[in-house]
Every structure is written in C-alpha cells, then in structure tokens.
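There are 2 protein chains.
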Amino acid sequence: MITVEEAEKIILANAGDYGAEIVMFDEAAGRVLFENIKADRDFPPYNRVTMDGIAIRYEAIERGISTFTVRATQAAGDMPVNIEQPDECVEIMTGASLPITADTVIRYEDLIIKNGIATLQAVKVKYGQNVHLQGSDRKQGDILAVPGQMITPALVSLIASVGETEVRVKKVPRIAIVSTGDELVPVNAVPAPFQVRQSNSYTIQAILRQHGVTCGMLHLPDDPDKMKDKLQDALYHYDGIILSGGVSAGKFDYLPKVLEELQVEKLFHKVSQRPGKPFWFGRSEQGIPVFAFPGNPVAVFLCTHRYFLPWLRATLGMPGGEALYAVLDNDLTFNPALNYFLQVKLEVNTRAQLVAIPVAGNGSGDFANLADVNAFMELPADKNEFKKGEVYKIHLISPIYST
Amino acid sequence: MITVEEAEKIILANAGDYGAEIVMFDEAAGRVLFENIKADRDFPPYNRVTMDGIAIRYEAIERGISTFTVRATQAAGDMPVNIEQPDECVEIMTGASLPITADTVIRYEDLIIKNGIATLQAVKVKYGQNVHLQGSDRKQGDILAVPGQMITPALVSLIASVGETEVRVKKVPRIAIVSTGDELVPVNAVPAPFQVRQSNSYTIQAILRQHGVTCGMLHLPDDPDKMKDKLQDALYHYDGIILSGGVSAGKFDYLPKVLEELQVEKLFHKVSQRPGKPFWFGRSEQGIPVFAFPGNPVAVFLCTHRYFLPWLRATLGMPGGEALYAVLDNDLTFNPALNYFLQVKLEVNTRAQLVAIPVAGNGSGDFANLADVNAFMELPADKNEFKKGEVYKIHLISPIYST
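Heads up: the sequence lines are chains A and B, in that order. For the first sequence, position 36 (counting from the first letter as 1) is numbered 36 according to UniProt numbering, and the numbering increases by one without interruption. For the second sequence, position 42 (counting from the first letter as 1) is numbered 42 according to UniProt numbering, and the numbering increases by one without interruption.
Looking at chain A on its own, in the form it has when it is part of the complex:
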C-alpha cells in the first residue's frame, strides 16, 4: 500500500502527450494553448482616446487659451484629423486615434460647444489626460500567453485582438470509461431487488466533459475472457482507460489478473486512503495509462478529481495547481491510519476564509450527499483527532459561486 502523495507522483510521472492540433480561435475556449501568443502591434496600437470630447495641444492650456475652434469631428475608426494652431481642436470620440498634433483630451462634461467653438469650463486640465498611450500596456512582439495556459474567455479576446484566427492547442486524450460488475443494470432498466443501476460511468463522463474530454463508454461483464477481449480493444482504440469496480479482494474481481495478461504493468495497487483504498493503476506496453478505481460511487468521484484530473492537466502541459486550504468547521475523529477525504461544503466567511462544513455521509457508498458537496478535505493519515478551526488541504470539485 502506498501513500496518496506516492500515488500522485507515479500518476504524474505517467502523464501523456498527444501532440497538438489547430482550432478556430472562437472554438478554442477551454482548450490548452500550445504556442506563444504575441502582440502583433502595440497595446493599444495608437494613442487611444478614452473620453468623448475635444483633442487639443496642452501648450494651449499653458498659454491660457480656453476657447477652441472645432476643425473637424473624428469618430472612432476615422483617420486622425490634425490641428494646426493651439486654439484649434478636433471633436473626438472614445476609441479614436489621437492626432499626432494633439496630446490631451477634454471631455464633453467640462466643455460648452456652440457654433463650432468649444469653451473650456473652470476645470483643471492635465497634460495627456484621457489618452491611453500607444504601447503602454504591451509592446509589439511581447508575449501575451504561453503554452500550457488554459484558453479562458479573456484569452480568446487577446487572441482575437492579435488576429490569430487559428490557434494551436494540445490534443485532448480519448478516454474509455469502463464499468464492471454484474450487479449493474442499465439506467432505463428496473433493477431486481439485489441489483443497482449503472451510474459511475455517467459521473465520470460528466466530469471529463467539463474538462473538454470526450469519452467512449463500455461495460465489462464479470467474465475474464469477455473482459479481456473488450479491454484489449479499448487499449487499442483509446489513449487512457478509467475503470470502476472489480479491483477489491473479491473472488470475482478478475480485473488485476486480466490487466496483467494484457501486459498492463501494475504501478500500484491500494492507496492508504478512504475512500478509494483498492485503487489500482498501471500502464500498458504502449504507454496507455489504466486507472482502475474501486466501484463505490464516492470513491470513483474522489479518485477522478484527485488523480485523473491532475494527470489530465499534466498531460495537457498545464502547470500544477496551487494547493488550496480551508478551515474545518467541526470536530472529527477518524481512527484508521489512512488519508481521509472528507466530503465538505465550502463557504467563505466575512474574514475571507474558506470554511469546510462536513456533509454527513455514511461512508463511501453514500453518494446521495455528493450533490451538496463542493470539495473534499484531505485529512492527514498521521492524526486521528481533527478540531474545528484547524486548516487542511482541500480539493475543489465545483466552483464556489458569488452573487
């Protein structure tokens, strides 16, 4: 049996690399960038007017000039209109390119414009005001984003603004989600009293889809030969496999043996954690990782978040996330010498602390509570007593919403 940290380390050492592909920039959100995005021009690309009003030369203010002849009107997108005299101005709109003969913008609110004459009201004018200077945010050639960055809506905007209609992103691995166990019936079936409906595969699928991964789904019966055929096929057609069920010590848990026969090397079996202790992880000769999670729904849910998603992020070249912490809100005793992943609901108190409120559960089979849970708190194996107010690491499973 290995520790959670050891398990994580082995999994991350087996991150894959499925190359890159090109997608349209407006379909790229959620993908992971695999090129540098460079500024093709300065940001802003010209001295950008930030208020509607008039553009003047500051020299005029210094000379005490307070009325200006409006030479022309320049909208955003118009070619800049120059002024020739200090007592001239251009009526100019937000977003327009400041004429090189002007340097300062006075907003409408500080002016009266009548019969082509703009009269400055009694306000202080500062040199260069209301102008966003060319290149003040970024210079042409600056790198705006680098490989490994998730393409967020903000990054879509940057990519659009530099004219990159096509963008190189990491290819996402194709994952087979495989359920096992003869006690499972399809969702649309009426189970016998001793059967349950399949649900783990759909949970995994939904989590993976949130991360842009499309999946194949298959079910293995508790029969070693059929298992072997189907798994062989999956190893051939997919980049990774997630199994649920079939890895505990049971008489019908053929999986580890079948995987061995398929030359999938066992890298570990059993992690000192609850839930999910029987977790088995291996790698085929072709390098296909096999995550074999135990079958109980809470373990599947935890293991997908705690192990598969970090593997996926590493595989896509994303940097490792920062550890997150929360304050435990209840006293708690947990005796086994295992890392205990406590189901919690996170809140943020008015001292800006993340507070983890345990969601009472009946152990790893109790998944009815998971709908109320938005994180797991990782309680260390070397303690048994956990006190309200103590701080432990958490693993977010769904975002915290603000108003």
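Wrong hints could be hidden among the right ones.
You can't tell identical chains apart in this list, so a pair holds if it fits in one copy or across any two.
What the hints assert, rightly or not - Below, in silico cross-link-like pairs of lysine to aspartate or glutamate (DMTMM-like), each with a Cα-Cα straight-line distance of 20 Å or less:
no.	residue 1	residue 2
1	K114	D87
2	K114	D225
3	K170	E390
4	K171	E59
5	K270	D110
6	K251	E109
7	K393	E347
8	K277	D110
9	K270	D233
10	K387	E84
11	K139	D372
12	K277	E109
13	K270	E109
14	K266	E385
15	K345	D331
16	K388	D329
17	K170	E35
18	K126	D103
19	K171	D331
Treat the hints as calculated values from the structure; they're not laboratory data. Just so we're clear, the structure is a prediction, and the values are computed from it rather than from any experiment.
Given chain A, put chain B in place with the hints provided.
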C-alpha cells in the same frame, strides 16, 4: 446615475422565464433542473455488503463459533443465498445484497478459508459490521434534488441511479451579441493604424458558452438606420441582447436613441462604477432585456460577469449565490466616488484565506492583463483609501485550481 446595487436589483427584477424542456440524463450536466428528483427505492436499495468476505449471523459469534461452512458464493448482482445454521456462512462480495438470514460480514483479511471452511482469526467482530443498511442514506420517495439546482456530475449520478433517463430542465435564453463601432475590423483583417480588431463579442460568447448559452453574433455600423433595422431583427429573434460600445456621450453613440425608437424602455443609463460607468439597460415592449455595455474590453468583461450572469442565473431559477470575500494584498488609493472593480489574482494562503493580489492595469482599456485575472474585487464608493489586509467582496471569473 445609479449605484451598483440599484443596477443589480433592476436587472434581477427583469429576469426572464423561457420555460422547460426535456433532455437525456447523460446530456444534462450544466443545465438547471426543473423537477424534483425522487428516490425510486431506498438508498442503498438493499443491505449492501461493503467488504469481500463471508456473511454470517452475529448470534454465532455470541455463541463462540469461529469456523463456518461455506454454503455458497454470492457475487454482487446475485440473488441472495440464505444460510440455515449459525455455523454456516456465505462467501460474499462487495456490492452484494446481504441475505436476510445474515446480519454481519467478516472480511477476507480476518479469515482463513480452506476446503470449504472459513476460520475466524483472532479479531473482534461487531454486530452488523461491513454492511451498509438499506435506506440508511435516503428513503424511497425522498427528494434528492429540487428545481433550480445546477446539474453537476454528482447529480447526473443520482439521476441515473433512480432511473430517470429523461430530465426536465430550464430552457436557456437565446442571446444576441451585438458589437458596434466603425473602428472595429474583423479578426482576420489587417487593421489600419487607427482601427482595432473586434474582440469583445468573442469574449462575451466564450463566457456565455461556459454557462451553456449559445449566441448569435452581429455587428452594427455607426449608422442609425442600419442599426435600427438590425436591432429590430435581433429583438424579434432573440430572448436577450448584449451590446458592446455606443453608449457613452459621443456624437456617434446613436444607440440609446435608436433603442428608444424601437420602444426599448430605458431602465437605467450610467452606473456609479469603474469600469463600465456608461452601462445602459432597458427592456423592449415584449420584455426582451437589452444590456448595452460600454465598448472597452475590461468594462465588457466585468459587466458580463457582474450583471449578465446573475440575470442568467435568476432567469434559470437558480438561487442567488453567496457573497465571496477576499483580503486585499496591497494598499490602494482610488479617489472617484465610484465603486471600483479592481482586477485581482486570487490565491489561498495557508490560513485558508482568499488573498486578492491586484493585477496592475492601465484602466479599463487594458485587457492584456485579464488573462492573469481570476476575480474582480468590488471596492466601495464611499472610501478612497484601501489598505492591505482589509476584506472586500469579490466576484469570481474563473475557478481557482487546486493540485
């Protein structure tokens, strides 16, 4: 000019309701539930064995019996096999339904099984151990989820387990994203020195897609007649409109007038905030909301998160989110009597506090920084000095990752 709170209140009072539709359960993640999900059976539906081993009657332990004849082997999904005598047992697997003639499970690790006889090792056996009792998590008929809940992967699992192959969800409004401004050229064009590429619409589209909204996109030229035609069309074909640009005080900012001519009632124009002060909001005679954001990219980004998304959540019948808070990490001065939305990068310190590190920016036109920002901190209008260590409200724009 109204306050941020007043603006929010007016917007939420104009939440829509686009009815419900039926989707397949495995396509329902990310949608908002519009029915109760009820337990069709108890959770668990039977006394569920949680360890591989043998099922016995505890009475045997009380009588001092420590060897058991294995009557049969029962896999998960098998019909339960009864025992008749206290010195009998059933070899039984995790997930199986405990026979009614048994009450306790002893795991393999505490047994030696040889020639059909299971011999208990020197361990303490507790009545009912390793059994997850029928109905101990939820009872048949219990409500597992209610209208207004986002369908998370965990909820998909619950929906599958109760056999709901089809699920009733709220219809998502169809939104038209409309850009304005003659300074904008398409992303694939080479802008003149005084032009910029369109990017706001793509940012909005990417944010809305993250929330399951598909959008139409159109661009309005700075010509009142053409604007009117196109907007009339959009008001007819969409459930809501988001505009960017064209609502400041500029000479070519025809939008407010055109909207008025189209009988779109102005509910407010200008909010005491930076960025995004010129924000205009109204509603057509048919009840279509029109969000007209100012054209600068940071304002668009903020307003979409601060105003449109809460409207969307209210429209989908989701409860309002809890306020989130973070600790400001720098001293800061902001003089205008406006709510200042500071761009920040959030981290969680080892005291479990959310810390907001300001991302230096050159005001609302500077969107190159947005790729590094994962929240806006909402600084109150009635203060000018903000100190490191003070706590203020934040609005998350992207999730915080954990390892």
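* Against the structure, test the hints numbered earlier, and report the numbers of the ones violated in rising order. => Those not satisfied are hints 2, 3, 4, 9, 10, 14, 19.
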